[in-house]
Amino acid sequence: MQKLFALTSSLSRTTLSSAAFSTSLLFDNTHKQFKESVAQFAEENIAPHAAEIDRSNYLPKDVNLWKLMGDFNLHGITAPEEYGGLGLGYIYHCIAMEEISRASGSVGLSYGAHSNLCINQLEIVQRILLIIANCLCNVIIMMKLISGEHVGALAMSEPNAGSDVVSMKCKADRAKGGYILNGNKMWCTNGPVAETLVVYAKTDMAAHSKGITAFIIEKDMPGFSTAQKLDKLGMRGSDTCELVFESCFVPDENVLGQEGKGVYVMMSGLDLERLVLAGGPLGIMQACLDVVLPYVKQREQFGRPIGEFQFIQGKVADMYTSLQSSRSYVYSVARDCDSGIVNPKDCAGVILCAAERATQVALQAIQCLGGNGYVNEYPTGRCQII
Numbered sequence: 001m002q003k004l005f006a007l008t009s010s011l012s013r014t015t016l017s018s019a020a021f022s023t024s025l026l027f028d029n030t031h032k033q034f035k036e037s038v039a040q041f042a043e044e045n046i047a048p049h050a051a052e053i054d055r056s057n058y059l060p061k062d063v064n065l066w067k068l069m070g071d072f073n074l075h076g077i078t079a080p081e082e083y084g085g086l087g088l089g090y091i092y093h094c095i096a097m098e099e100i101s102r103a104s105g106s107v108g109l110s111y112g113a114h115s116n117l118c119i120n121q122l123e124i125v126q127r128i129l130l131i132i133a134n135c136l137c138n139v140i141i142m143m144k145l146i147s148g149e150h151v152g153a154l155a156m157s158e159p160n161a162g163s164d165v166v167s168m169k170c171k172a173d174r175a176k177g178g179y180i181l182n183g184n185k186m187w188c189t190n191g192p193v194a195e196t197l198v199v200y201a202k203t204d205m206a207a208h209s210k211g212i213t214a215f216i217i218e219k220d221m222p223g224f225s226t227a228q229k230l231d232k233l234g235m236r237g238s239d240t241c242e243l244v245f246e247s248c249f250v251p252d253e254n255v256l257g258q259e260g261k262g263v264y265v266m267m268s269g270l271d272l273e274r275l276v277l278a279g280g281p282l283g284i285m286q287a288c289l290d291v292v293l294p295y296v297k298q299r300e301q302f303g304r305p306i307g308e309f310q311f312i313q314g315k316v317a318d319m320y321t322s323l324q325s326s327r328s329y330v331y332s333v334a335r336d337c338d339s340g341i342v343n344p345k346d347c348a349g350v351i352l353c354a355a356e357r358a359t360q361v362a363l364q365a366i367q368c369l370g371g372n373g374y375v376n377e378y379p380t381g382r383c384q385i386i
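Quick note: the sequence shown uses this note's numbering, first residue 1, plus one each step.
Calculated directly from the structure, the hints in this document are not laboratory data.
Check each hint, because a few of them may be wrong.
Okay, the calculated beta carbon distance ranges per label pair [what the hints assert, rightly or not]: (1) Gly314 / Ala227: 44 to 52 angstroms; (2) Ala175 / His208: 20 to 28 angstroms; (3) Val342 / Ser209: 29 to 37 angstroms.
What you are looking at is a predicted structure, and each value in this text was computed from that prediction instead of being measured.
Backbone N, C-alpha and C define an ideal beta-carbon position, used for all residues, glycine too.
Hey, can you work out the whole structure from these sequences and the hints?
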């Protein structure tokens, strides 16, 4: 009980501005400065649009967030400098994912699909597999993605191949100078707006996992189209759709890696992708505290702020502890990855831990706001539906 009182007492003295930058779990001043700069960028350029993004299910049309993030060097954090990236580590990438998601979970998800699933996948193939994209045009593609001129996506799942991704039916038949793709992909984040997509298809239907190949698909390729954008329950504004391939010709130079090595390409980035995406729930938890802390100080019942009641203090203590323990796990794993120690169990564990904690924290935030937590004038509802 004394520990609870100590924590709730310290939280009651915390100002909103100091709560916004919980940098005690980062590792040096450069990380802290980066976090503060990204937080300011997101607060000024993303947060003002968050409510309308959720309401309309579209990113703002009068502001190009992709280009703004590119100009701020957020897309290529881990990409080499020769492609326009920053050449930094995964701690920095997790920081960016957290702060963007704090401003808008929807923008954070789309950012993660672009910078992490697409750009990071291309970069890992070039760095770890030592297979630089097979022609100059693919280097140009990488640079356009990093600048924000192009939007990227990754497509593995199909209508009948979700968790069992190796059972995919999208087929790539050999043709002169390339391949002919036929089939569908489902649940593609950024699909409706992407100019460049990493797509997996079967080049040998009988070879199971050894028959999958990764391709770089460009939006204007004949035979490639997108189906209707999905109207989702949550993460609204993060565009999602089905991809359709009808005799779509893909040239040899757009093979990512080697024929039949698609699963190797896929798995080479999976652990790091999970790690970076775990930054999203951290941002959502921080967004919940950003709303709850000032609210419980201002809202009064029985003649005093509700934050003085032990019941509310207990909820705030749980929220804070969930956020900080998740942060500790995410950033310690990121530090290991930057040191070359990539543990698949921990990379999977961080996204499991952070996502489950974020769900509970958002529920607590709604309860702290009472009836106001249930209306869309407050952001707690969209924090919950993640």
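Here's how the hints hold up against the structure:
1. Between Gly314 and Ala227 the beta carbon distance is about 47 angstroms. The supplied range of 44 to 52 angstroms therefore holds.
2. Range check, Ala175 to His208: Cβ separation about 23 angstroms, and the 20 to 28 angstroms hint holds.
3. As the Cβ distance of Val342 to Ser209 is approximately 21 angstroms, the hint placing it in 29 to 37 angstroms is violated.
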